[in-house]
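Residue numbers (the working numbering), protein chains in the order written: chain A, 1 to 108; chain B, 1001 to 1114.
If you are wondering where the hints come from, they were derived from the structure by calculation, not from laboratory data. Here the structure is a predicted model, which is why all the values come from computation and not from measurement. Hints may be right or wrong, so weigh each one.
Claimed, not checked - Computed list of lysine to aspartate or glutamate pairs in EDC-like fashion (alpha-carbon distance at most 20 Å, straight line): (1) Lys57(A) with Asp18(A); (2) Lys1024(B) with Glu1014(B); (3) Lys1078(B) with Glu1014(B); (4) Lys1078(B) with Asp1056(B); (5) Lys56(A) with Glu67(A); (6) Lys36(A) with Glu1044(B); (7) Lys95(A) with Glu1014(B); (8) Lys95(A) with Asp1057(B); (9) Lys95(A) with Glu1044(B); (10) Lys1078(B) with Asp1057(B); (11) Lys51(A) with Glu67(A); (12) Lys59(A) with Glu17(A).
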Amino acid sequence: GQQVMQIPQYQHVQEGEDFTTYCNSSTTLSNIQWYKQRPGGHPVFLIQLVKSGEVKKQKRLTFQFGEAKKNSSLHITATQTTDVGTYFCAGLRGKLIFGQGTELSVKP
Amino acid sequence: DAGVIQSPRHEVTEMGQEVTLRCKPISGHNSLFWYRQTMMRGLELLIYFNNNVPIDDSGMPEDRFSAKMPNASFSTLKIQPSEPRDSAVYFCASNSQGDNSPLHFGNGTRLTVT
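Work out the full structure, taking the sequences as your base and the hints as a guide.
Now the structure itself:
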């Protein structure tokens, strides 16, 4: 079936270090969305990428959509403790399929 | 904007009992989604509705699960009879314009079946 794979599953970083999570699909996606879920909370929409090769930035967060529209990445520069949470990609191919998420912990 | 409202926030029930989870989507949103989240399986789409009509229920685990959307402002997810393996956080989400717009999630219902 349709799958969206996300790696790594967990990432522990020291505050100030960078963080990257990767998302891969076996099929071409119409678009990809990224969500953040704080511990005990619900997923909150961050951004949507639609175009091949698209790059978007939100302050310290950089989102990329691959040329083939099969992969995406989220990079956080100089992590802060407020970045803690699980980051999900969700690929659209008919319906929205969520990756397993990457849980980020930040040590102050 | 009150957001997506789910009730109850927590539900503890015994195996075999019926459980009903409720959701009120954001006013004006025409699509509604039910997700289940567990450590093992992550976020799973159970079913979604467009304009109150079920479009894809392929994620519904089995006949014990049923969902309804009698009108644009209310949906229920029912489990009958409940089993311990149904323990999870159940999220309702809504959006407008189909799949191309962001999902707005409710706070979820944490279900524990003992």
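Now the hints, each set against the structure:
1. Proposed proximity of Lys57(A) and Asp18(A) is supported: the alpha carbons are some 15 Å apart, at most 20 Å.
2. Distance check on the hinted pair: Lys1024(B) and Glu1014(B) sit about 26 Å apart at the alpha-carbon level, beyond 20 Å; violated.
3. Between Lys1078(B) and Glu1014(B) the CA atoms are separated by roughly 15 Å; this keeps the pair inside 20 Å, and the hint holds.
4. For the hint pairing Lys1078(B) with Asp1056(B), the CA-to-CA distance comes to about 16 Å; that is within 20 Å, so the pair holds.
5. Pair hint Lys56(A) plus Glu67(A) holds up; C-alpha atoms about 14 Å apart against a cutoff of 20 Å.
6. For the proposed pair Lys36(A) and Glu1044(B), the alpha carbon gap of about 16 Å is at most 20 Å, so the pair holds.
7. Restraint check: the Cα-Cα separation between Lys95(A) and Glu1014(B) comes to about 34 Å, which exceeds 20 Å; the hinted pair is violated.
8. Our distance criterion of 20 Å between C-alpha atoms is met by Lys95(A) and Asp1057(B), whose separation comes to about 12 Å.
9. A threshold of 20 Å between alpha carbons decides the hint, and for Lys95(A) with Glu1044(B) the separation of about 12 Å falls inside it, so the pair holds.
10. For the given pair, Lys1078(B) sits about 13 Å from Asp1057(B) by alpha-carbon distance, which is consistent with the 20 Å threshold.
11. Between Lys51(A) and Glu67(A) the CA atoms are separated by roughly 8 Å; this keeps the pair inside 20 Å, and the hint holds.
12. For the hint linking Lys59(A) to Glu17(A), the alpha-carbon distance of about 15 Å falls within 20 Å, and the restraint holds.
Hint check: violations occur at hints 2, 7; the rest are consistent with the structure.
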